[in-house]
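Residue numbers (the UniProt record's numbering), protein chains in the order written: chain A, 1 to 280; chain B, 1 to 314.
No lab work stands behind these hints, which were simulated from the structure alone. What you are looking at is a predicted structure, and each value in this text was computed from that prediction instead of being measured. One or more of the hints may lead you astray.
[Unchecked claim] DEER-style ranges, computed between Cβ atoms: (1) Arg32/B - Asp181/A: 22 to 30 Å; (2) Trp264/A - Arg22/B: 50 to 58 Å; (3) Asp181/A - Val296/B: 46 to 54 Å; (4) Phe71/B - Leu190/A: 51 to 59 Å; (5) Leu176/B - Ala16/A: 33 to 41 Å; (6) Leu160/B - Leu194/A: 38 to 46 Å; (7) Ala33/B - Val38/A: 45 to 53 Å.
Where is the CB? At the ideal position from N, CA and C, for every residue including glycine.
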Amino acid sequence: MTAAAVAVAGPRRRSAGLLTVLTWIIGIVFFFPVLWMVITAFKHEADAYTDPPSLIFTPTLEQFRALFDAGAWPYFLNSLFATTVSTLLVLALAVPAAYALAIRPVKKTQDVLFFFISTKMLPVVAVIVPIYVIAGRIGALDNVWTLVVLYTAMNLPIAVWMMRSFLQEIPAEVLEAAAMDGASLRQTLLKVMLPMVAPGLAATALICVIFAWNEFFFAVNLTASQAATVPLFLVGFMTSEGLYWAQLAAAATLASLPVVLAGWVAQKQLVRGLSMGAIK
Amino acid sequence: MSTDVATTAVPRPAVPAREPVRSARREGWRRRAPLLPALVFAILVTQIPFLVTLWYSLNSWNLVRPGSERFVGLSNYADVFADRVFRQAALNTIVITAGCVIVAMLLGVALALLLDRKFVGRSVVRTLIITPFLIMPVAGALVWKTTMLDPLFGIVNFVLSPFGAGDYDWTSSAPLISVIAALVWQWTPFMTLLVLAGLQSQGRDVLEAAQVDGAGAARTFRSITLPHLRRYIELGVLLGAIYVVNTFDQIYIMTQGGPGTASSNLPFYIYQRAFLGFDVGQAAAMGVVVVIGTIVVATLALRLLFRSFVQEDR
Chain A
1 MTAAAVAVAG
11 PRRRSAGLLT
21 VLTWIIGIVF
31 FFPVLWMVIT
41 AFKHEADAYT
51 DPPSLIFTPT
61 LEQFRALFDA
71 GAWPYFLNSL
81 FATTVSTLLV
91 LALAVPAAYA
101 LAIRPVKKTQ
111 DVLFFFISTK
121 MLPVVAVIVP
131 IYVIAGRIGA
141 LDNVWTLVVL
151 YTAMNLPIAV
161 WMMRSFLQEI
171 PAEVLEAAAM
181 DGASLRQTLL
191 KVMLPMVAPG
201 LAATALICVI
211 FAWNEFFFAV
221 NLTASQAATV
231 PLFLVGFMTS
241 EGLYWAQLAA
251 AATLASLPVV
261 LAGWVAQKQL
271 VRGLSMGAIK
Chain B
1 MSTDVATTAV
11 PRPAVPAREP
21 VRSARREGWR
31 RRAPLLPALV
41 FAILVTQIPF
51 LVTLWYSLNS
61 WNLVRPGSER
71 FVGLSNYADV
81 FADRVFRQAA
91 LNTIVITAGC
101 VIVAMLLGVA
111 LALLLDRKFV
121 GRSVVRTLII
131 TPFLIMPVAG
141 ALVWKTTMLD
151 PLFGIVNFVL
161 SPFGAGDYDW
171 TSSAPLISVI
181 AALVWQWTPF
191 MTLLVLAGLQ
201 SQGRDVLEAA
211 QVDGAGAART
221 FRSITLPHLR
231 RYIELGVLLG
241 AIYVVNTFDQ
251 IYIMTQGGPG
261 TASSNLPFYI
271 YQRAFLGFDV
281 GQAAAMGVVV
291 VIGTIVVATL
301 ALRLLFRSFV
311 QEDR
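Just chain A, with the same shape it has in the complex (with noise of 0.2 Å):
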């Protein structure tokens, strides 16, 4: 490049350059809590609380083992299954349901969906009181398996909004197509659509996930010490709070590594599944 060139492009060049500097230092500041959570959980207690706040000092996986011995585990295990076996009830609903809302619509289609979105919008403050009740009643409270019914009813919605609009993607031509060559509906559904709409189902997967693993309100007012997930293990420390930051970074880096890392593989899918299908 020329010398005159340079200097025509140079202005513009530094001001783009600028932008993305200052773009860098926004992430940065965004990402620091989460960067500042994972360093504290390697730290020793008495690094946690140095004013001002240190960066030098002997790394220990000493917080991350003492976690396993307060007992992590049976949280872990609960919100494992709280999260999977909901996720996965949903999409045996949701499925069938989008299909039958977009491939062969019902009459009131419009109605319906209505319904579904209109359930997510219901306050769940304002459920949870005879939900309370009655699972007291008929003695589910503390219970794993009430989680994993309400996580479903939770996730649903968005759930049957997302699957349906994957399965509008599909053209219609390959429908006809597999019909003239005679597909029954079972094979037409296993093998011409599932390919298709496997990284719908992903993505709808992981939505639920994010938010089943992730949800506090439901666990914290019906479970207590069988149940509990993992947002309370996290909560066990407010007691205490203000004496064992690193234990309680290491706890929080810990509960939210699965669901971050989840995220971070499946970004262009958490956009469509965060707008519910709205946006492709």
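Given chain A, work out where chain B should sit, using these hints.
Just chain B now, with coordinates in the frame of chain A:
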């Protein structure tokens, strides 16, 4: 397009002419069958409890006093509207929701514009920015309350110390701002992702044409990009508001609704009445009032939502 698929993809079996009504009905049920499990499940788990809430709201009932249940008509509602704390919680709910959604959306638009350029490490920065949304909200709230906002050892006061922040106690002196800050941190990524998707769906040719016509960056943004983004911004505000209205985790962890009731929102206050005061009737009545309020706002919002989603189907 979808009706099309139904009739061509699955040829109707030849039907004897004398039973057209019955077979049409059977066809109707065949179509409905896959929908029913989800529909019945949703009705059972969400609508039935709400009907029970309606019934409870007409009763005076304290959980710790068995047998105290009796029908009192609308007196719970009278109490709710006379309750000063309820009104404050309602106001706080509005402040928290509006504050969080507006600030997160403004930041989201700015960040999306910054991310919608080619630069070194773009996908890395995008990954950094979406992470707060993926962090478990309880974990995020704990991190904010302790390592970020702690008066003595928190990072925020450390960063602000040149400006004389001293040992300002954020969560007790500015509880609403602290809660909103944690919420904005969590929800900005959501808004950024939605707006970024909007920016990327913009036709490059239109932008180039604007440039050729001599429109400056500001002009192009105002007359082309912003109208195009409108749908995405509406969607983000609406979906964000649905979730943020129900905020519970951050308040439970960062302020416990305090000091006093200064940062209590409706979900937290109803939780207190139900699970700390065991006052089923009152809590139920508040729940019903919240639902009515939500319905008013949601009806407006749903119209909007349907305009963005369903219109494009046909």
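Checked against the structure, which of the hints given earlier come out wrong?
-> Hint 6 is the one this structure does not satisfy, whereas the remaining hints hold.
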